[in-house]
Amino acid sequence: MDLSYFFELFVGGLTRGSIYALIALGYTMVYGIIKLINFAHGEIYMIGAFTALIIASVLSFTGMNPVLIFLIASVLAIFFSAAYGVTMEKIAYTPLRGSQRLSALISAIGMSMFLQNYVLLAQTSDFLPFPELVPDFKFLKPVEHLISSTSFLILITTAIVMVLLTYLIKFTRTGKAMRATSQDAKMAQLLGINISRIITITFIIGSSTAALGGVLISTHIGQLNFYIGFIAGIKAFVAAVLGGIGSIPGAVLGSFVLGWTESFGTGYISSDYEDVFAFLFLIIILIFRPSGILGRPENKKV
Amino acid sequence: MSDILKYFTVKEMKKSLVMSLWFMILTFPIMVIKVNTIEDTVVWRWGNLIGIGIGAFFMSTLWRYLLERKNMQSPLSDKKTLQIRVMDWANENPKAKTTALIAVGAFMAAFPFLTSMYQTSIMTTALMYIVLGLGLNIVVGLGGLLHLGYAAFYAVGAYTYALLNYHFGLSFWICLPIGAGLATVMGILLAIPVLRLRGDYLAIVTLGFGEVIRIILENWNDFSFGPSGIANIPRPGFFGMSMKLQTATIYIYFIMIAMVIFTIFVVRRLENSRMGRAWIAMREDEIASESMGIDITKSKITTFALGAFWAGMVGVIFAAKTTFINPASFTLWESVMILCVVVIGGMGSIFGVVIGALILILLPEYLRAFSEYRMLMFGAILVIMMVFRPGGIISNIRKKYKFEPTQNSAESSKEGV
Amino acid sequence: MKRLFAVMLIILLAGSMVFAGGKKESGTIKIAVAGPHSGDLASYGLPTVKAAEIMVEKINAEGGLLGRQVELVIEDDVCKPEVATNTAAKIVGEGVVAVIGHICSGATKAAMGIYNDSKILAISPSATNPALTQSGDYPNFFRTIASDDAQARIEVDFALDTLGLTKIAVLHDKGDYGKGLAEFAQKFLEADSRAEVVLFEGVTPGAVDYTAVINKIKNSGADGIIFGGYHPEASKIVSQMKKRAMDIPFISDDGVKDNTFIKVAGDYAEGVYASGPMDTTTNPLTIQATKEHQEKYGEDPGAFYLNAYAALQAVFNAIEVAGSTDYDAVTNALRTSYVETTLGKIKFDSKGDAEGVGFSMYQVQNGVYVELK
Chain Z
147 MDLSYFFELF
157 VGGLTRGSIY
167 ALIALGYTMV
177 YGIIKLINFA
187 HGEIYMIGAF
197 TALIIASVLS
207 FTGMNPVLIF
217 LIASVLAIFF
227 SAAYGVTMEK
237 IAYTPLRGSQ
247 RLSALISAIG
257 MSMFLQNYVL
267 LAQTSDFLPF
277 PELVPDFKFL
287 KPVEHLISST
297 SFLILITTAI
307 VMVLLTYLIK
317 FTRTGKAMRA
327 TSQDAKMAQL
337 LGINISRIIT
347 ITFIIGSSTA
357 ALGGVLISTH
367 IGQLNFYIGF
377 IAGIKAFVAA
387 VLGGIGSIPG
397 AVLGSFVLGW
407 TESFGTGYIS
417 SDYEDVFAFL
427 FLIIILIFRP
437 SGILGRPENK
447 KV
Chain Y
1117 MSDILKYFTV
1127 KEMKKSLVMS
1137 LWFMILTFPI
1147 MVIKVNTIED
1157 TVVWRWGNLI
1167 GIGIGAFFMS
1177 TLWRYLLERK
1187 NMQSPLSDKK
1197 TLQIRVMDWA
1207 NENPKAKTTA
1217 LIAVGAFMAA
1227 FPFLTSMYQT
1237 SIMTTALMYI
1247 VLGLGLNIVV
1257 GLGGLLHLGY
1267 AAFYAVGAYT
1277 YALLNYHFGL
1287 SFWICLPIGA
1297 GLATVMGILL
1307 AIPVLRLRGD
1317 YLAIVTLGFG
1327 EVIRIILENW
1337 NDFSFGPSGI
1347 ANIPRPGFFG
1357 MSMKLQTATI
1367 YIYFIMIAMV
1377 IFTIFVVRRL
1387 ENSRMGRAWI
1397 AMREDEIASE
1407 SMGIDITKSK
1417 ITTFALGAFW
1427 AGMVGVIFAA
1437 KTTFINPASF
1447 TLWESVMILC
1457 VVVIGGMGSI
1467 FGVVIGALIL
1477 ILLPEYLRAF
1487 SEYRMLMFGA
1497 ILVIMMVFRP
1507 GGIISNIRKK
1517 YKFEPTQNSA
1527 ESSKEGV
Chain V
2 MKRLFAVMLI
12 ILLAGSMVFA
22 GGKKESGTIK
32 IAVAGPHSGD
42 LASYGLPTVK
52 AAEIMVEKIN
62 AEGGLLGRQV
72 ELVIEDDVCK
82 PEVATNTAAK
92 IVGEGVVAVI
102 GHICSGATKA
112 AMGIYNDSKI
122 LAISPSATNP
132 ALTQSGDYPN
142 FFRTIASDDA
152 QARIEVDFAL
162 DTLGLTKIAV
172 LHDKGDYGKG
182 LAEFAQKFLE
192 ADSRAEVVLF
202 EGVTPGAVDY
212 TAVINKIKNS
222 GADGIIFGGY
232 HPEASKIVSQ
242 MKKRAMDIPF
252 ISDDGVKDNT
262 FIKVAGDYAE
272 GVYASGPMDT
282 TTNPLTIQAT
292 KEHQEKYGED
302 PGAFYLNAYA
312 ALQAVFNAIE
322 VAGSTDYDAV
332 TNALRTSYVE
342 TTLGKIKFDS
352 KGDAEGVGFS
362 MYQVQNGVYV
372 ELK
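Residue numbers (our numbering), protein chains in the order written: chain Z, 147 to 448; chain Y, 1117 to 1533; chain V, 2 to 374.
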């Protein structure tokens, strides 16, 4: 077996996995709290990327330093995406709290269609180039054929976001309240936790990571249009479930496993069936571990 | 109507103003700024901002008014909803009910002769979704299993007819049961590995299954002709007669009408059968029903198998109607649309699914007048419907069995549908 | 009881009146534009709508066709066959003379049967499936784009004769356009002893990352790539290849010979080859059509804009030549009289393919497509 080829595929899978992870983190958080498959999460990711593109384009006319533009665009993209996330939650999900879960799912699907077409109509249906704002890291020159600057940046960001989120959930007061809400929302409310506030915070965090993902991934791919959110959302959902939905480390692990499956499947067999490998692997894992790799088995109660 | 006026107080106006400001900020980058990539200039569309501001002001007032109205009608209130009143009326006047049914039947029978081919065509599509919805309703509404790969069975039916016809020249009427049978087998094959899975894990696996089927159809050229699809699939024949397009469209319409009646008949019988009651018990609580002696494995497999049956059947008709199929018709999106039919209509309710299919399929067609705003409005309508009627348009009213002691025997009578 | 019946009857009648309305002959000539106008493929359908809007506005300002105003009927088919049949039924009901569309080959095939039955002709700017013209099943079909096999032939000849490649990787985007083209390229390459196909793979459209495929190409030792598909995937593959310091010729099709490709891929687009209609860079009509789009919409035209523009020019000309909107007269005119279009001087052959649209290879040089002679 050609070892260097194996290694290339390994790193390729790592890049792809970290891309999925950035989106899956937000997905899994929202799911953990309100048990909703948030179909519109991908759209928030897309809006984050679009906002960053618009702001970066406007700023680039001022001749600002690209790194500075990148930072400003990212911060604003995160701000706006978080705002969209919260608004979406207030309009489409809050009134449905307490009704059957499938209704919220349909509402999420409707929201996803609405946001897609909103961007399509307000902006354009064409693919737009995303400006190259991330500088080439000099120290990556020797491994240029393996990993590009943008994928390196994505990898690092994913690691940082994961650590921060784990800290937030494990060691802060808000995190404790979040865990309590996710375990038993009614009980948490009885104990004086403001559930609405916790859900809002979750949506802010989830949407922010999605926006961050949107900015970084669009820089990596170099283009975007109004439809990028759909596939990204599905892949993130698969990754989150694979790792055990609701679990932060699970989402990251699931993303990497998904990335590697696709990368090795493409490399050694065929990219024609790339998604088939991903889904078959998912089905096999779930047959043996019905709650995902790191998910806790549900307690069955009558 | 007068109570809407109380929303024009200073306090409420302030709230609306805040919302309008919020939406102006929110939509600012996407609605106002447009970067012109040719001349590298920025177009500031301030007009949009004003529009959003004014729109959000009134919309938020209306929104709060409607939400409050909805909350006032809490489920505990004794006030009978329109639905219940209609149903009571129907039960009290069986003759009127029959008349109403006959009127609907007459309308449906006359429909293709009164309207254009386009209307007949989209109505046929809607009828197909009624059957698909009723089939998925067995899995989701009765069995309580979230299924996101239903379009795969639909694809099985369509490809069965297309391929059998292409290779062996089999006719529509022979392929109809074969397609349904193959889909049922696929349903069982899917059900076996997922027996242990619950809730959203089940959803993702069925989603994966649907995608796998589609990708195989897309890539396995020798078998399915890949993305270029199969063309010139014959429309259903009528004792070897060749028909003009107009006649053929009407003919398929009536085949679909017959299918819908057949499906409703069978599904109603199923629902009230031993098996159907076991499904409902399983939906309500798996463990409790298991301890009551219901075979969960069998129940799950039968829901998947019987759900898939209808999809396979409609798939055959689908192939015959469009005369061309390719994998693009069987995406995840299709499964999601069928799920929407079930949920919007009202889960578990047959009448609800019928209404849901008619609305969801005919609505985008009639929204064509709004051309590019069509899908935007459709998305918004989905959200609004769910927010204001989370249980679907027709909520399923559980059958009540009332105990009425009479002089010599205890007789039970049924209420509801 | 009786009252109820009467009410039902009234509802029934009222309903049928609403449904049956609007079928009368009007003084305008109706031209339909059908294609994906929403959903993921909208960016391939909307440029055709824009071309039609520009052309119709222009011709109506000049007094219309045969002294009648031209009216557009724009219908969305989302590139799905089942929606396309409904769309086609609606277009037939509108009483149009010709259809510009559909965009995707699959949707086109589903719709053509309905048009054929109602004697309506269709000119597609983008449906490339060979069977549409070569099978003879669709006598009312015309197109202003080369079929998959014709384009694949040009690309393969170019790769072998001009570039002298010996090991070629053939990629596609799994769509009906890209995969059809790639299959023909593979067939032609296998029939030729000078080169071998070292890799034949489909990439997943919309995927976030193509490194695995690129590693695979590299590992296969290919010295050139033929790609069948559209520009978003092409630009992702090209830029990720170049970022990895992999520089082998990248040959693609009409779906990539689009200025959006250069805009999106930027510097990475430099050196990419694509086949496309001949002479579009010097043809004054083409230059004018592009300018009109920029003036009206403030941006460069999108995919298949020029093909759609040419299709409209051909239809308008055929109606003028025929002197009526009669189906036989107009199709006859399309087949017999040459017309100056954005793609050159064209007429259609008996099968419906455009004659006179020369094809040549282009290369991106200094940020523009330059025709290689």
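Among the clues, some could well be false.
Said to hold, decoys possible - The calculated lysine-lysine pairs, modelled on DSSO-like cross-linking and capped at a C-alpha distance of 27 Å, are:
#: 1; chain 1: Z; residue 1: Lys181; chain 2: Y; residue 2: Lys1186
#: 2; chain 1: Z; residue 1: Lys236; chain 2: Y; residue 2: Lys1213
#: 3; chain 1: Y; residue 1: Lys1186; chain 2: Z; residue 2: Lys236
#: 4; chain 1: V; residue 1: Lys352; chain 2: Y; residue 2: Lys1360
#: 5; chain 1: Z; residue 1: Lys332; chain 2: Y; residue 2: Lys1186
#: 6; chain 1: V; residue 1: Lys31; chain 2: V; residue 2: Lys243
#: 7; chain 1: V; residue 1: Lys243; chain 2: Z; residue 2: Lys287
#: 8; chain 1: Z; residue 1: Lys284; chain 2: V; residue 2: Lys352
#: 9; chain 1: Z; residue 1: Lys284; chain 2: V; residue 2: Lys120
#: 10; chain 1: Y; residue 1: Lys1131; chain 2: Z; residue 2: Lys236
#: 11; chain 1: V; residue 1: Lys59; chain 2: V; residue 2: Lys352
#: 12; chain 1: Y; residue 1: Lys1360; chain 2: Z; residue 2: Lys236
#: 13; chain 1: Y; residue 1: Lys1360; chain 2: V; residue 2: Lys31
#: 14; chain 1: V; residue 1: Lys219; chain 2: Z; residue 2: Lys287
#: 15; chain 1: Y; residue 1: Lys1360; chain 2: V; residue 2: Lys120
It is worth saying that the hints were derived from the structure and are not from the lab.
Small disclaimer: the values here were computed from a predicted structure and weren't measured.
Taking the hints in turn, this is what the structure says about them:
1. Z:Lys181 <-> Y:Lys1186: Holds, because 24 Å separates the two Cα atoms, which is no more than 27 Å.
2. Z:Lys236 <-> Y:Lys1213: Measuring from Cα to Cα gives roughly 42 Å; hence the hint is violated.
3. Y:Lys1186 <-> Z:Lys236: holds (16 Å)
4. V:Lys352 <-> Y:Lys1360: With a Cα-Cα distance of about 24 Å, the restraint between V:Lys352 and Y:Lys1360 holds, given a limit of 27 Å.
5. Z:Lys332 <-> Y:Lys1186: holds (23 Å)
6. V:Lys31 <-> V:Lys243: Between V:Lys31 and V:Lys243 the Cα gap is close to 48 Å, so the pair fails against 27 Å, i.e. violated.
7. V:Lys243 <-> Z:Lys287: Holds. V:Lys243 to Z:Lys287 sits at ~14 Å (cutoff 27 Å).
8. Z:Lys284 <-> V:Lys352: Violated, at roughly 58 Å.
9. Z:Lys284 <-> V:Lys120: Outside the cut-off at roughly 65 Å; violated.
10. Y:Lys1131 <-> Z:Lys236: holds (15 Å)
11. V:Lys59 <-> V:Lys352: Violated. V:Lys59 to V:Lys352 sits at ~30 Å, over the 27 Å cutoff.
12. Y:Lys1360 <-> Z:Lys236: Violated. Y:Lys1360 to Z:Lys236 sits at ~53 Å, over the 27 Å cutoff.
13. Y:Lys1360 <-> V:Lys31: holds (24 Å)
14. V:Lys219 <-> Z:Lys287: Status holds; Cα separation ~19 Å.
15. Y:Lys1360 <-> V:Lys120: Holds - the C-alpha atoms of V:Lys120 and Y:Lys1360 are around 13 Å apart, at most 27 Å.
Of the numbered hints stated above, those contradicted by the structure are hints 2, 6, 8, 9, 11 and 12, listed in ascending order.
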